[in-house]
Amino acid sequence: MAKPKELLEDKPGKEILLLANEAIARGVLEAGVRLVALYPGTPSSEIGNNLTFMAPHIPNFYFEFSTNEKVALEVAGAAAVAGVRSMMVCKGPGLNVAADPFFSLAYVGVRGGMVIVVADDPSMWSSQNENDSRYYALMGNMPMIEPADPIEAKSMLLEAYKFSEKLELPVLFRTTTRVNHTRAPVKFGKISSRPDKVEFEKEPFRFVPIPSVARKRHPWLLGQIQKARELSEKSPMNFVEGKGDLGIITSGVSYNYVVEALSIMEIKAEVLKLGITHPVPEKMITDFLRRHKQVLIVEELEPFLETHARRLAQLNNITVDILGKEQNIFSRTYEYSPRIVMDALKKVTTRNTPINWDEIDKKTQELPELPPRPPLLCAGCPHRATYFAIRTATRGKAIYPSDIGCYTLSIAPPLETADILFDMGSSITTACGLAEVTDQDIVATIGDSTFFASGLPGIANAVYNQHRICVVVLDNRTTAMTGHQPHPGTGVTGMQKEVPPLDIAEACKGLGVKYVKTVEPFESIAGLVAEVREMVKWAKENHSPAVLVSIEPCALLTAAERRRTGEFPPKYYVDLEICNACKRCLNRLSCPAMYMDPETEQAVIDETLCNLCGTCVSVCPQGAIKQEDA
Amino acid sequence: MSSNNSNTINIAITGVGGQGVLTLAEILAKAALHCSLNVRVGEIHGMAQRGGHVVCTVRIGENAKGPIVDPGSAHLLVGFEPIETLREIQLIRQGGCVLMSSHVQYPVAVSMGQADYLDHDEIIKSMNKYTDKIIEFDALELAAKAGSTRALNMVMLGAIIGTGLTPITEKVAIDVVREAFPKKFEKINTTATKLGLEQAKSCS
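Here the protein sequences come in this chain order: G and P.
Quick note, the first sequence lines up with residues 25 to 654 if you use our numbering.
Quick note, the second sequence lines up with residues -16 to 187 if you use our numbering.
Hints were generated in silico from the structure; no laboratory data involved.
Fair warning: there could be bad hints in the mix.
As the list claims (entries may be wrong) - Quick list of in silico lysine to any residue cross-link-like pairs, SDA-like style, CA-CA up to 25 Å:
#, chain 1, residue 1, chain 2, residue 2
1, P, Lys112, G, Glu652
2, G, Lys38, P, Ala163
3, P, Lys166, P, Ser131
4, G, Lys211, G, Asp385
5, P, Lys116, G, Asp385
6, P, Lys128, G, Glu652
7, G, Lys186, G, Lys221
In this text the structure is predicted, and so the values were computed from the model without any measurement.
Isolated chain G (complex conformation):
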């Protein structure tokens, strides 16, 4: 997969196949960025995954996995205020976490160039919403640049830093999943050097936005946005191509679909492609609207550019059909495709689409129903054992507030231990709220990385306000879902330096939790069930929060380690003499490495998939699942 070593190569002109995320990591090197801080979030994860391994090899460069996005933006913001180039990276919901410093940063501005990369997720491939982050640029008055592919992801990043420095403002660099996770040939440029240390020059009446300062900074900010608009009018990042009666305004990944659709349907159109989407080049758009009777606006999610176009048409008394989401030509949900653009072009021109999609759709609806295959906890995942124990101990009757991570997959049968989820850290705090208005037992689950990111204030709240909640920390020693990044509990930093890890149990004790225990889920399932029961009883009797930390490394890390060392524990198998085909193992664990032999109806362990956790052994009432002799 990723190739941090290749990304470090000082070979300008070399062409290499990169994800946009890898191209951005390379861009950091070429732009001479001094500091990058981020909390991992898909679809932006590979930026940090590469930078952390590149960092120790780049002179005068600092990279950190911050505890959360708010922290990351403050760390990176301060570096840019001090005068060096910096970057913060997050996924869409991560920018919500960082919203507070985001708005202040625009007011105070920066001295060194600063870029905030935000990766939105239309279609919600790995997010809890498909919020359109472009409104942050509008609301916070921060310039915004949107690349359409991996090639632009790097070239426009370099431009974003120049833009930022000209304006003394951070730039929001907005991508979407289909940009982040598209691979394309990208050409390397020259690597820039970075300054070592700079002197922080004090300027409190700029950088401390007390009301009297903030009142001066707001008009300054509006003035800078006006300057940015003038730059936007002249920037090659906003350009017009093609000729035709039909006009199309587009940006980001949709631009690719427009180009493909026009070429396939052989339609002539003039396309205005916007790379700078805040502030938009108003004069350029106004002139474009004047040149056409019909203008189609192609953008995923909200009618952001469309609203701008309507506003400009009204302000300038232009009679033009602006066609987009307001007429339901395009949807406000999910990502687009060339097909979606072609279907829209069919509506606004007389051309037909090249493929009869209605026919294909009809045929597809007539296919036999397929068994679903949603994502699920991996074979050997320690969370499966912990959730099995939680569910058994509480007989499925407690409320199970969940959190953001792999473990949210416990929503699926048969574990069904996810009942409420808002955002990072909400397991603990929703438990607090529920504890006050119900009599039901409450067992919240939160991962180790999420615990440090947003769980700590919830614990403080539960202790101080005496909420009778149970919190199980699912500590798998990594940030698993986003690709195994370290966090403060792991003992490795973003610079790949070994440091003393923070201890979750000790942190809870320090915050005043009176009941804190640590377990290893694969040790004994029966013991784990007993622990959960005891915790639930204690929280109820003492009307205080109780914490159980369940520690076992992620199955994928364990599997990789075994492959590396070549040392595997003995295999597990079902003794077909003893198995009475009761299917309890299949029905209670839903382990992807187990299936039913259609002939005998007995359970089988697929040894190519089994990760050797042994949880199934204790679930079998017959003792039919055994481990081979060592």
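Please arrange chain P on chain G, whose structure you already have, making use of the hints.
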């Protein structure tokens, strides 16, 4: 008619998270780049990977701009597992080719008795409504023969090259595979690629 211009070859690769779909897509695209061809890969990461259904795209040719392969426009649909292949069959274009490993990996819903796995005949019959060109073989068996079931994706890579539908030569494919993995897995992966190649050649 194709949804994409004639100089672009659209390949969709589908399977179960963990089977190596993403790695195959990347290596195939690297091989295309080695042949000085324009290429785009579309991937989905994160939540989508955890043992669930995965689909990835590789588009080779001048006009490939974005990563998406629309329904009715894949020249080649590569499936690591029968029902996961059928799940994406609408992507195949008229006259397109399906390349499928016949080895079944039961979804948990089937193991739990909540859903039925389709009969093999029904799977093929359903696919035939879209195309008659189906190349099917047990790729897991060939991977095991090469030395590891984890080399399943390289068997499929070899098979893709073996269909002759891509402009990538055997030599380039083997060279790229050799470079892509640590030395100690080189033999397994190149052997797997060659086995897949011969298999597809003998079928097509």
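Status of the hints after comparison with the structure:
Distance check on the hinted pair: P:Lys112 and G:Glu652 sit about 47 Å apart at the alpha-carbon level, beyond 25 Å; violated. Taking the CA atoms of G:Lys38 and P:Ala163, the gap is about 18 Å. The hint holds against a cut of 25 Å. Distance restraint check for P:Lys166 and P:Ser131: the Cα-Cα separation of roughly 15 Å lies within the 25 Å cut-off, and the hinted pair is therefore satisfied. For a cut-off of 25 Å, the pair hint linking G:Lys211 to G:Asp385 is broken: about 40 Å separates their Cα positions.
Our distance criterion of 25 Å between C-alpha atoms is met by P:Lys116 and G:Asp385, whose separation comes to about 20 Å. At most 25 Å may separate the alpha-carbon atoms for a hinted pair to count; P:Lys128 and G:Glu652 meet this at roughly 24 Å. Distance hint between G:Lys186 and G:Lys221 is fulfilled; the C-alpha atoms sit about 21 Å from each other, no more than 25 Å.
Taken one by one, the earlier hints fail for this structure at numbers 1, 4, listed in ascending order.
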